[in-house]
Amino acid sequence: MSAAAAVSSTVRVDALTRRFDSFVAVDAISFEIRAGEIWGFLGPNGAGKSTTIRMLCGVLAPTSGSAEVLGYDVGRDPEDVKLRIGYMPQGSSLWDDLSVEEHLRFYCGMFDIYGPGEKRAVDRWMERLDLKKRRSQLAGTLSGGYRKRLALACTLLHDPKMIFLDEPTSGVDPLSRREFWDIIVGLAEEGTTVLVTTHYLDEAEHCNELALIYGGKIIARGTPENLKHAPGGGETIEIVSEHNVAILDAVESLPFVRSAGLYGSALHITVAHKEDAAQLKAAVSRLGISIASLEPVTPSLEDVFADLVRTP
Amino acid sequence: MNWRRVWTIAVKEYTQFFRDHRTVISTMLMPLIQVLLYGYLSSDVKHQPTIVWDLSRTAESQQLLDAFTNSAYFDIRYRAHSMSDVVRHIDDDQALAGIVIPPDYAKLLHEKKSPEVMVGVDASDATAAQAALAAAGAVGSSVTQQLQIQQLKLEGAAPSGIGVDVRARAWYNPGLRQEVFIVPGVLALVLQFTMTFLSMSTIVRERELGTLEQLIVSPIRSSELMIGKMVPLVTIGYINVTMILLVAVFWFGVPVVGSVLLLYFTVLVFFFATLGLGTLVSTIAKTYIQAVQLIQLFLLPSMLLSGFIFPVDAMPKLMQVLSYFVPLTYFLTIVRGIIIKGIGVDYLWPQILMLLALGLAVFTTAVLRFQKRID
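Line by line, the protein sequences are chains A and B.
Counted the way this note's numbering counts, the first sequence spans residues 1 to 312.
Counted the way this note's numbering counts, the second sequence spans residues 1001 to 1375.
Think of the hints as simulated: they come from the structure by calculation, not from any bench.
As the structure is a computational prediction, the values presented were derived from the model and not from experiment.
Straight-line C-alpha distance at most 25 Å; calculated SDA-like pairs for lysine to any residue:
1) A:LYS132 x B:GLU1013
2) B:LYS1286 x A:GLY46
3) A:LYS161 x B:LEU1212
4) A:LYS281 x A:GLY261
5) A:LYS161 x A:GLY145
6) A:LYS119 x B:LEU1215
7) A:LYS119 x B:ASN1002
8) A:LYS119 x B:TRP1007
9) A:LYS133 x B:THR1015
10) A:LYS132 x B:VAL1011
11) B:LYS1286 x A:ASN45
These stretches of chain A come out as covered by chain B in the derived footprint (C-beta under 8 Å, 3 or more residues):
12) 53-63
13) 71-84
14) 92-103
15) 110-116
All residues carry an ideal CB built from backbone N, CA and C; glycine is no exception.
Turn these sequences into a full structure, and let the hints steer you where they fit.
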C-alpha cells in the first residue's frame, strides 16, 4: 500500500439517511474508509447494514445526506460508481442452472470484458478462487462455500478498486469461512478496499477498522483492539461455574452491572468501573453458588457489543 | 445501447430456457394443445343426435326425415314410441333435438292442407340450439317448396318463375367452417398468453432469486437488460406462430389467403405490446404468485372483450370502448384479415397503427417503471 493511497479516502459518507415510509433504516450516518482498508460493518440483522451498502453501490437512492465512492457521488452518478466497484449481495446472486464458467463469462459481458481479456479474467479468478475443477458444474450443485467463492469471483472480474461484501460468509461452514477470509485479506493487501458486513463477531478481528451499527445509527467505531478497551473504563469479568444461568439471573439486575451474558461455557459480566469488580465478587459469593473461577478478562467484541447496545 | 451486453443477456436467457426442459416442453406443447382443442371443439355444431317419433310412417314422412338428415345438422339416432320417449332422451342428454311427425302427415298433404311437424331443441347450449333451429327452419321451407312444385306438376301447370331468389353467399369462408374462424384467433390468443407470461416470469424470477440486484449493480442499463431478455422470447414466439400456422394449414386445412410476410411483421408489433405488458406486470407485482394473479386479471377479460368469442360490434357500448384498449382486439382483426380474407396493409393500417401505439405506450411505461434502482 503506497503512502498516497493510505491517506486518500475511498469512501466518504456524510449524514447518509434512508427512510422506508416512516421507518428510518439508516439514520444520518457519517464515516470514511481509507484505500486498502478492510472496513467491517457489524450489527444485528435489520440494523441498517445492507441498506447502507445498497446506497453506496448506487442501487438504492439515499433519502438525504451524501456519499462518495471512489470520488463519485452515489446519488448523482450511480453508473460511474457501478462501473468501478464490486458488490456481492447478501444471499444468493447465482443462477442455479448456469455453470461456474457461464457465470464468469456472463459478468465479463456485463463489464465489457471480451476477447483475450475475457479468457484471462475468467482463468485468473477461477485459478485464484479454486474454481477450475468445477468450471462446468452448475451453480445449483455447488456447496455453500463454493457458491460464495463463485459469487466473489463474479464481482472481481473487472478488477474493482473497491468491493462491498454483504454477509459474505453467512451459511458457510467454519473451515470455508476461514479460507474465505484469507482471500479477502489477500485482496486488501493488493490494494483493494473492502467493506464487509458480518454478524460473526469473531470475523471482525480481521478488519482494520470497525463500525457497530444498531437501529440505523453507528454506535461505536475504532480498531478491534480499541473497541475492546474503550467502553467507558469498565471491566469485564469472566465467571466459570456450573450454574452460569443462576448467577446470570442474580447479577443481571445489580446497579453496577452494565451488561451480562453467556460466552461459550463462561459468563461475561461487564461492570461500570474497575472498583465494582470487588462488589461483584462479594455479590456472587453471597449467592452461595460454587464457582470455578472469577477473574477480569479482555472483553470480546460480543461483550463490547452487548454493552453498547444496552447503554445507548 | 451496448449491443454486446444485450447479446450477453440474450445468450444467458437462451441457455437457461433450453436447459429447463419442462418450460421448453410446455411452451412448445401448449400452443399445439390449444389449437387442436379449439380447432376440434369449435367445428362440431353439426350432426346433433336426434330422436324421431314418426306417427305417420309413410313414404312422405320418410322423405321429410331424409331432408333433415341431408342438412347435416341432424343425426337421427333414436326412434321413439311415445312423447315421453322423446322428452326422456332430451332430458338425459342423449339427444339434442326431437322431431315429432303427426299420424295424419301424409293424409293432410294429399288433402293439400298443411300438416304441423314439431321440432324440439334443447336450448341449454344456445349455440348448438341456434344452429339446429335455423337448420330446421330451412329444412321446412325447402321441403314446402319441393312439395309445391310437385303439386303444380301434378296439376299440369308449369311452375312459375316468380319469387325473390335471395342468393346468400358466405364470403371468405364459404363452407362456414367454425375452425377457419377460430384457429387464427387461437394463434393470437396463444401468443398473448405465452408472451405476457414468459416476459413477466423472466423478470419476477430474477427478483425473487436475488439475482436482479446483482444485475442492477452491474453497469448494464435497464433498456439493455429488457431487450436482452426479450430477444429470446421473440424467437420462442415466432416458433409458436410457425407451429400453429403449420397445424392450421396442414391439419385443419385453414388456408392462409393473405401475405405470410405481413403476418410475421404484424406478429412482431403484437409482441411489442404483449412483452411490454408482461414487463409492466413484473414491475407492479412483488412476488411470482402476485404477478400470475395480476396477469390473469388482464388475460381473461381481454379474451372476452377482444372479439375472440363474441363479436365486438355486438357488445354494449361500454364494453366496446373497453375493447379498444385491448391489444388483442386489433391483432385478432389483423390475423383474421390476413389469414381468412387475404387483405393487406391498405385495409389493415388503422389496426396496425393502433396496435403499435398501444404497444409503445405499454412498453414505455414498463421501461420507465423498470428502473434500475430497486426501491
